[in-house]
Amino acid sequence: MPVAQVGGDPAGRVTADTPDGRGSSKKTRRRNKKPAAAPAAPLPSPMQRLFDTSREVFSESAPGFVPPPDAVERLAAILNDLKPRDVGIDPGMPFFRHAESKGPPPVTYLHFYDCDKFSFGIFCLPKSAVIPLHNHPGMTVFSKMLCGSMHLKSYDWARSNAESDTHTLASSDGARLAKINTNAVVDASSETIVLYPENGGNLHCFTALTPCAVLDVMGPPYSHTDGRDCAYYDESAYSSSDGVDIRYSWLKEIPSMFEMKGVQMPRRFVV
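Note that the sequence shown covers residues 9 to 279 in the working numbering.
In short, the hints are calculated from the structure, not lab data.
Hints may contain errors.
[What the hints assert, rightly or not] Straight-line Cα separation of at most 27 Å, DSS-like style, residue types lysine-lysine; simulated pairs:
{"id": "1", "residue 1": "K91", "residue 2": "K135"}
{"id": "2", "residue 1": "K269", "residue 2": "K110"}
{"id": "3", "residue 1": "K91", "residue 2": "K187"}
{"id": "4", "residue 1": "K110", "residue 2": "K91"}
{"id": "5", "residue 1": "K260", "residue 2": "K161"}
{"id": "6", "residue 1": "K91", "residue 2": "K125"}
{"id": "7", "residue 1": "K269", "residue 2": "K135"}
{"id": "8", "residue 1": "K135", "residue 2": "K110"}
{"id": "9", "residue 1": "K187", "residue 2": "K269"}
{"id": "10", "residue 1": "K187", "residue 2": "K110"}
{"id": "11", "residue 1": "K187", "residue 2": "K161"}
{"id": "12", "residue 1": "K260", "residue 2": "K91"}
{"id": "13", "residue 1": "K91", "residue 2": "K269"}
{"id": "14", "residue 1": "K269", "residue 2": "K125"}
Construct all of the structure, not just a fragment, from the sequences and the given hints.
Right under this line is the structure:
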């Protein structure tokens, strides 16, 4: 069928004659059709966002490093949105059950990633399990409850400032004075807790009230080679001339018999 230019058409459109003499616009529609938009790139998974943001926040991590406030807010916001399904866990897993009738329930650490700048993983505690009072030397730690509930007790070392006017900072048996930072129950509705090298509850212990899981992002991570081992402490009441002061406790470093089972988890993100 011949193709003809239709005179008087300001757009110069090309049409085809039809048996009834009317031009068809089918080819016109094909030519004027806008190209289909490219499909949107898939959003990164929650674990990918966690990894990428942690790497950015701790890019300059070193002992004593404290991320700037805006970086703390970014990472805490990602952790606040995490759900157990995002990290591949659920309360029905065997890590949350205590099959033995004797001895304390075991704690399992699900290890996801570590480098010399930061690490992150999940502590899984059956009901009544305890992670004893311990420290995080030179570290900033983000802790987020994913499921269940636990009692959190944390301390910071008492410092040589106004406190030292009325408190002795060390005892004759080697214990140090610490001030309570947190003594409360936390659960999955609680926002991310951030502790810093010198404050925020750098020394803490967990007691599971129900089967529970808490995700920790730590920077820099523990390192035996660099002298950043985890130390454990026994606590005892502090008494001043006015009697027992519940805001403080004596903490004395002790050998630890605490052990955790470690499980290497498959990567759910691209490094």
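Point to revise | Violated hints, by number in ascending order, as checked against the structure | key: 3, 4, 9, 10, 12
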